Amino acid sequence: MNLSRFFFVFKEGFLQLFRTRGLSTAVVVIVAATLLQLSLFLGISRTLDRALGSAREKFQMAVFLTPAAGDSDLKRIQELLLSDSRVASVRLVTKEEAVQDFRKDPEIDRMLQALGENPLTDSFTVILRNDDSQKLEGLVEKLKQDPRIEEVDYGKNEWETVSNLTRVVRWGGLILGGFIFLTALFIVSNTLTLALWARREDFILMARMGAPAWMRTGPYLWEGLFQGFLGALIVVAFFEVIRHWAGLVLQKYGGFDVLINLALTEWESLYLTLVLLGMILGFLGAYLALQKKWVKELR
Amino acid sequence: MRFRAACRNLQYMMIQAFHLTKVHSSGVKVLDDAYFSASQRSFVAIIGESRTGKSTFLKILGGEEKPTSGVLRIDHRDIYGLSDPEKSQWLSEVGMIFPDLKLFPDKTVEENIHFILQVKGASGEGEKEAIGKLLSRAGLEGKAHSKPADLSSGEQSVILALRAMIFRPRLLLADDPFQGLDHKASSLLFRLFMELNKAGSTIVLSTQQMIFLEEAKKAGTETRIQWMKLDQGKLHPLEEAIP
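Heads up: the protein sequence lines correspond to chains D and H, in order. Numbering-wise (my numbering), the first sequence opens with residue 1 and increments by one. Numbering-wise (my numbering), the second sequence opens with residue 1 and increments by one.
One chain only, chain H, in its complex shape:
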């Protein structure tokens, strides 16, 4: 009976990682026999000092950096064993906020967001209104026709986050999304994460910003956040940090 329940739990897991090790070409070991699991609709926050491997870990989850060894299953699939079309299909349900995943410099803000909807196969009627509404919520309604070069770095970060969230991904990976944002923008972003999670998305984010902790405390028990710390290549649960 207990075995069957364990199996059911395992089946319910969206991300499962065992013995995950990543050694960079420079020889630095950023992940060392790490374990990680996240169920569907969960909200995982990984905190840690800079250069502890948080970004690498998220890139591994996003299918961008193959682990040196170990097992990684997302939706019970080895994402590094997918063919090109299968990977495109899988990525159509994944949103990524990575600092190097920039906006297209030749497209306007609106075009950049519209483009992701096309890539993810989520474009359709009413999308212009939806983009306008989202931009207006972020206080950027006047920037719809601006090019990225005309935006501040904070505005660009918010647009990057909106771009990753507008198509309601099943899995959102956010690498330090609050970096460079003022308090107001960070609060907005945090609220949007919460809403997305409530709507059914699984969120894994990494951060060094304490603002996130403060916002999480304010949110109280509305959303259960699974806290983890990445330290010396290993992921540790931080139950005590739950607000």
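So that you can see chain D by itself, here it is in the shape it has in the complex:
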């Protein structure tokens, strides 16, 4: 698109926006309401995801070695664990360290003294990466095949529950968010169709004069894009007000604590996402409106 075409589309789009102020306002409000819903929903699902993430971080895997495991086995198994992408970190707990821990309980200490020797074996405490929850079974199976590994303990049921919950939250969020977006797209598209209907005479006149397709449709697409942008700006402004002015009040009562305490960079990425989503919503709405059969029949 050359510069004069760009200016034409830009100017005509703006003029149309003001000519049908009522409908334009409706589209901007719908986009803003949708983005507000989406961002609150995004906030809730992020908070849940974080809570589940920190729960997952508490899970550790304990790998107990056989009494016959020597120094070379320790080194080999440690390397085996560290080379696995599912493993975040590995800490060796020698049988001496383990027995020291046990001796803190006086009753166990008495039993150990009666026994006369250390019955424990060396073990590894393995911290797992968050993202690889689904592939944990494979790691456990691989470790169990090693003859120097006696037992692998990782709280299987709790891990699976948290992993499943995380999946539900993520997929549920995606589906519900997608549903909200599609509903809004339907409403925005129909409102923009009304705007087109109100200006159908102009549309026909342009076609009869020989205006090329970009001249007829370009301003509408730009208008949709801009309305989406305006809707997003309203939501961004709303959040800025909440963050700077109402933040302290809300923090006192706990309500939106997590949302308000997001780091600055996360707010920026949220705003950018909202602006992009708003523009996509407006542009797609206008595009779908222009694809309607009666609009195409206007020539």
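Watch out, some of these pointers could steer you wrong.
[What the hints assert, rightly or not] Pair ranges (Cβ atoms, derived):
id : chain 1 : residue 1 : chain 2 : residue 2 : range
1  : D       : Leu36     : H       : Pro105    : 34 to 40 Å
2  : D       : Ala237    : H       : Pro105    : 41 to 47 Å
3  : D       : Ala213    : H       : Gln208    : 35 to 41 Å
4  : H       : Asp75     : D       : Ile204    : 53 to 59 Å
5  : D       : Asp49     : H       : Gln89     : 52 to 58 Å
6  : D       : Ile242    : H       : Pro105    : 42 to 48 Å
7  : H       : Lys29     : D       : Ile280    : 50 to 56 Å
8  : H       : Pro85     : D       : Lys11     : 19 to 25 Å
9  : H       : Gln89     : D       : Ala237    : 41 to 47 Å
[What the hints assert, rightly or not] Listed next, the in silico DSS-like pairs over lysine-lysine satisfying Cα-Cα at most 25 Å (straight line):
id : chain 1 : residue 1 : chain 2 : residue 2
10 : H       : Lys143    : H       : Lys107
11 : D       : Lys11     : H       : Lys143
12 : H       : Lys107    : D       : Lys11
13 : H       : Lys66     : H       : Lys107
[To be verified] Reference excerpt, derived from the structure (chain H facing chain D, CB under 7 Å, subset only):
id : residue
14 : Ser92
15 : Leu101
16 : Phe104
17 : Asp106
18 : Thr108
19 : Leu117
20 : Val119
These are calculated hints, taken from the structure and not from any lab test. This one's a predicted model, so the numbers in the text were calculated from it and none came from an experiment. All residues carry an ideal CB built from backbone N, CA and C; glycine is no exception.
Following the hints, position chain H against chain D.
Same frame as chain D, now just chain H:
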């Protein structure tokens, strides 16, 4: 030799229509096996009573109403077989003055004229001055920033005509352009048509107004006008009407 000359003549023709028939959805036949041809730079005036199909014929030439049957070639092309971009391209060289091809109600007079220049790809430096000059010639310089609703119907008709002519179309189709105009405005419009024709545009217009005949007589032999009459679906040449 004669055949070659005939071919050359045919090649020179801008509009050629054979066996043109148009039957409206109501069943009324407005064109019945009509023949028409116009060479480049010609000035054709079609006269006829109202409701004889003059408007329909011009709309057919403008690519707006497909004939029921027959052959129509403009610049050796079937305009009803053009793709959308090709049609836009073709229309960029065609000016139309049709009563229903109104001005944009939300644009000022100046914006309406500027818009057609943009549509036709003819906008550029000095266009504001050109618009001002044209409006001033039509005595409408004070109306440049008025909206169509603030103009009289006569003023609107003049603006419609100016809009169709400012980009110097290769082909100008004018359907009853003198309708509702006073004598002064009609004379001005007629002069503008003549100038446009002299500058190389082909003009096909229809009219019922006798003023046009009077103005044409005044113009004398300056411009040769090809007179035709549309009667009972057929176009007849009216050689005797040439002033």
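We went through each hint and held it up to the structure:
1. The given range of 34 to 40 Å is respected by Leu36 of chain D and Pro105 of chain H, whose C-beta atoms sit roughly 36 Å from each other.
2. Checked against the hint of 41 to 47 Å, the pair Ala237 of chain D and Pro105 of chain H fails, with Cβ atoms roughly 35 Å apart.
3. For the pair Ala213 of chain D and Gln208 of chain H, the supplied restraint of 35 to 41 Å holds, since their beta-carbon distance comes to about 37 Å.
4. Between Asp75 of chain H and Ile204 of chain D, the C-beta spacing of about 25 Å breaks the proposed range 53 to 59 Å.
5. Look at Asp49 of chain D against Gln89 of chain H: about 55 Å separates their beta carbons, and that is inside 52 to 58 Å.
6. In this structure the hint that Ile242 of chain D and Pro105 of chain H lie 42 to 48 Å apart at CB holds, the actual value being about 43 Å.
7. In this structure, Lys29 of chain H and Ile280 of chain D meet the distance hint of 50 to 56 Å, their C-beta atoms being roughly 53 Å apart.
8. A hinted range of 19 to 25 Å for the beta carbons of Pro85 of chain H and Lys11 of chain D is consistent with their spacing of about 23 Å.
9. In this structure, Gln89 of chain H and Ala237 of chain D meet the distance hint of 41 to 47 Å, their C-beta atoms being roughly 46 Å apart.
10. Our distance criterion of 25 Å between C-alpha atoms is met by Lys143 of chain H and Lys107 of chain H, whose separation comes to about 12 Å.
11. For the proposed pair Lys11 of chain D and Lys143 of chain H, the alpha carbon gap of about 22 Å is at most 25 Å, so the pair holds.
12. Restraint check for Lys107 of chain H and Lys11 of chain D: satisfied, since their Cα atoms lie roughly 13 Å apart, inside the 25 Å limit.
13. Taken as a hint, the Lys66 of chain H and Lys107 of chain H pair is broken in the structure, with Cα atoms around 31 Å apart against an allowance of 25 Å.
14. With a least beta-carbon distance of about 5 Å to chain D, the hint placing Ser92 of chain H at the interface is held under the 7 Å criterion.
15. Here the hint on Leu101 of chain H is kept, as its CB sits about 6 Å from the closest CB of chain D, short of 7 Å.
16. Hint on Phe104 of chain H holds. Least Cβ distance to chain D is approximately 6 Å, under the 7 Å limit.
17. Checking Asp106 of chain H against chain D: minimum C-beta separation of about 5 Å stays under 7 Å; hint holds.
18. Given hint, Thr108 of chain H at the interface with chain D, is violated; its Cβ is 12 Å from that chain's nearest Cβ, farther than 7 Å.
19. The closest approach between the C-beta of Leu117 of chain H and any C-beta of chain D is roughly 11 Å, which is over the 7 Å cut-off, so the hint fails.
20. For Val119 of chain H, the interface hint holds, since its Cβ comes within 7 Å of a Cβ in chain D; the closest pair sits about 5 Å apart.
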